[in-house]
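Here the protein sequences line up with chains V and F, keeping their order.
The opening residue of the first sequence carries number 1 in the working numbering; numbering runs sequentially from there.
The opening residue of the second sequence carries number 1 in the working numbering; numbering runs sequentially from there.
To be clear, the hints were calculated from the coordinates, so they are not data collected in a lab.
Ideal placement from N, C-alpha and C gives every residue a C-beta, glycine not left out.
One should not assume that every hint holds.
Keeping only pairs whose Cα atoms sit at most 27 Å apart, straight-line, the calculated DSS-like set for lysine-lysine is [stated by the list, open to error]:
(1) Lys-38/F x Lys-359/F
(2) Lys-168/V x Lys-359/F
(3) Lys-38/F x Lys-263/V
Rough simulated footprint, nothing fancy, chain F against chain V, three-plus residues with beta-carbon under 8 Å [what the hints assert, rightly or not]:
(4) 18–27
(5) 70–82
(6) 123–136
(7) 139–148
(8) 267–276
(9) 295–302
So the derived label-pair ranges between C-beta atoms look like this [as the list claims (entries may be wrong)]:
(10) Phe-39/V x Trp-222/F: 20 to 26 Å
(11) Phe-115/V x Ser-288/F: 49 to 55 Å
(12) Ser-151/V x Ala-31/F: 42 to 48 Å
(13) Arg-240/V x Val-104/F: 48 to 54 Å
(14) Gln-118/F x Ala-50/V: 50 to 56 Å
(15) Leu-187/V x Ser-172/F: 52 to 58 Å
(16) Phe-230/F x Phe-39/V: 16 to 22 Å
(17) Ile-29/V x Ser-146/F: 58 to 64 Å
(18) Thr-54/F x Ala-50/V: 38 to 44 Å
(19) Phe-230/F x Trp-82/V: 23 to 29 Å
(20) Ala-157/F x Phe-115/V: 41 to 47 Å
(21) Leu-173/V x Ala-31/F: 24 to 30 Å
(22) Trp-261/F x Leu-173/V: 46 to 52 Å
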Amino acid sequence: MVALPDQAGTVTPWWRNRRLIPWLVQAAIGLVVLVVIAFLVGNLVRNLTAAGLLLSWGWLDNPSGFDIAETFLPFNAGLPYWRALLAGLVNTIRVVIAGLVGATLLGTVVGTASFSSNGLLRRLARVYVEVIRNIPLLLQLVFWYFVVFLSLPNGEQAIQLPGIVLAKSGLFLGRPELVNGVWQAPLRFTVEFGALLTGLVVYTAAFIAEVVRGGVASVPMGQWEAARSLGFSKLQTLKRIVLPQALRVIVPGLNSQYISLAKNSSLAVACGYTDLYSVAETTLNQTGRAVEVVLLLLGAYLVIDLVISALMNGLNHLVQIKER
Amino acid sequence: MTISFQRLRRELFATPLDGLISLVLIGVLLAAGSAFLKWMLFQAQWTVIQANSTLFALGRYPIDQQWRLWLLTTLLALATGTTWGLLRSGSTPRWPRNDLVAAVLLIALASAGTWALQLPFPIQLRWWLISGGLLVCRGVAGRFGSSLPLAVRRGAAVVWPVLYLVGMVLISGGLGLMPVPPSEWGGLLLTLLQSSFAILLCFPLGVMLALGRRSELPLLRWGSVVYIEFIRGAPLITLLFLGQNILGFLLPGGLAPDRVWRAAWVLTFFAAAYVAEAVRSGLAAVPSGQLEAARSLGLPLPQALIHVVLPQALRVALPATVGQFITLLQDTTLLSLIGLLDLLGTARTVMANPEFLGKSAEVYLTLAVLFWCCCAALGLGSRALETRLNTLHTPVKA
Chain V
1 MVALPDQAGT VTPWWRNRRL IPWLVQAAIG LVVLVVIAFL VGNLVRNLTA AGLLLSWGWL
61 DNPSGFDIAE TFLPFNAGLP YWRALLAGLV NTIRVVIAGL VGATLLGTVV GTASFSSNGL
121 LRRLARVYVE VIRNIPLLLQ LVFWYFVVFL SLPNGEQAIQ LPGIVLAKSG LFLGRPELVN
181 GVWQAPLRFT VEFGALLTGL VVYTAAFIAE VVRGGVASVP MGQWEAARSL GFSKLQTLKR
241 IVLPQALRVI VPGLNSQYIS LAKNSSLAVA CGYTDLYSVA ETTLNQTGRA VEVVLLLLGA
301 YLVIDLVISA LMNGLNHLVQ IKER
Chain F
1 MTISFQRLRR ELFATPLDGL ISLVLIGVLL AAGSAFLKWM LFQAQWTVIQ ANSTLFALGR
61 YPIDQQWRLW LLTTLLALAT GTTWGLLRSG STPRWPRNDL VAAVLLIALA SAGTWALQLP
121 FPIQLRWWLI SGGLLVCRGV AGRFGSSLPL AVRRGAAVVW PVLYLVGMVL ISGGLGLMPV
181 PPSEWGGLLL TLLQSSFAIL LCFPLGVMLA LGRRSELPLL RWGSVVYIEF IRGAPLITLL
241 FLGQNILGFL LPGGLAPDRV WRAAWVLTFF AAAYVAEAVR SGLAAVPSGQ LEAARSLGLP
301 LPQALIHVVL PQALRVALPA TVGQFITLLQ DTTLLSLIGL LDLLGTARTV MANPEFLGKS
361 AEVYLTLAVL FWCCCAALGL GSRALETRLN TLHTPVKA
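Isolated chain V (complex conformation):
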């Protein structure tokens, strides 16, 4: 088994056997990985047992004892931990969906602006992308929150537009009214949500603009010229001729930007918005259940990523060339 005779009848030593070596290498690597994992897991079990924190999920049913400022699902401190984590997850999903829509719109506008016939607009689009991409997102988030949103005026001085009021106490939509110096409206978003959403949209839009720009640039100039010479207007050309072709390049690029946005939403804690990560952090501080909390966190973000990927793959399937 070890030494195989080759064609000439001589025996190839096993350490030079082309078929055997790969398997030996893999076996060695596998063994090392297994030993390392066994070592780590062994330590984990020993240390967790010593700390009395052996893996269990029963604590999820205990009352959480903390409140969440802004929830979509009704929540109070008497409800169990799993409800708190669920409320955090829903908050994350809320900001991710709003962010995806906003970033796509702004990114498309900026991306197409870099093809404008107006030189100033074109350069502004470049400056926007270059400035935003080279400043850390976290810094931008704390800037939006502490510098912009927290310095908004309250009460009468709030920024008032028809049907919309933007004040330090939040963003009010749908006939806002000032009751005893406090704004009230059927639909209210906190400034924490506003700051996070603005930061995520502005940041991601810079990357989406580059994806859109690359996509539009990938359509040959001849397509533009042909459409124009057939009498299409510039907007019609963009809508009917260029975009359908550009989308084939844009959609895969958007996928990774969308996933980045979903993952970046975990920086919510920097501007006081209680998303999944923020709830998980509080939960860990109260229960000490580090392993379970981290597993839940990783699982939740993995599922969000997979859902976005699946949706975008479906979209990608729609925009690809259908050959007969």
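Got chain V; can you put chain F on it based on the hints?
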């Protein structure tokens, strides 16, 4: 560079709609610009930066040990100047335009920067001497570098790894120096240490992962795939959280590193997955005939990879890899969320001081400018390297 009226008209007022857009944009820009200038010159109180410049630079590094950092800065400046000069030696003119611009910028930074921060005169003097030393080294190495033997010029690169080790000793202590624990490193020092450590280590790790992912051995391939996809599926903050809270359980008591080092390792392992993807795209760009040809010439696999495939792949992967390094530099701000005092973390402690309450605009703006300059410089450097390495003379994307 004269702005011709016709060109201006073509760029801004080609059609009535364009003209309208231009007028609106110019109006908005003028209003925003003048409001910002007014705030910057008359309302903003920059004392918060001036009074805390040492804190922003070094964190709580002990004052009586700061001479070590001055020594390190001087060594780094001299090495930079020499390397710069050696790279340019033999070129005519001796100071090309880009170099002159860089030199003027450096002089401006050393004089205007230290003045704007209102540093005490002895410290201003040190910065002048350090930048002067850098420029002198650049000049001398540029003038006499070409008369040195090639081996010496190539060997000069060894200075950098040596300097890195010397720097680590100078910063952390040991070998007779008073130890300064990582918990006392902070500000820009911590940000630069974390990012340079992670950048240096994530690169080889990323290359190995990328090779593993393209390997024919199923165990290696699937192991790499699982690692890369696991890391890329998780937000960095959850991994830092994992590092801070679980690493202690995974290692036997006492073996777990300090919180600062835990974060550095997490950053390294995180960035490695992304670098692996960048390198993988480079590997995919190398025709498989290259590896086959190298193998059929009798090169063993490791040598074929190192001498034939990787040089071509890394050249293609360079822009994406540097892009990841820039992201990594930006990601170090996340350390402030797990309680470490990097630049952003230091900024938060400064603003918690009642004396500087409400000065967040000044502080965040300064940090933004600082980060922007660092990231833009890395990007510029990457593009310069790209042009230099572009031996195939294919057009380089701007």
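Against the structure, test the hints numbered earlier, and report the numbers of the ones violated in rising order.
Failing hints, ascending: 3, 5, 11, 12, 17.
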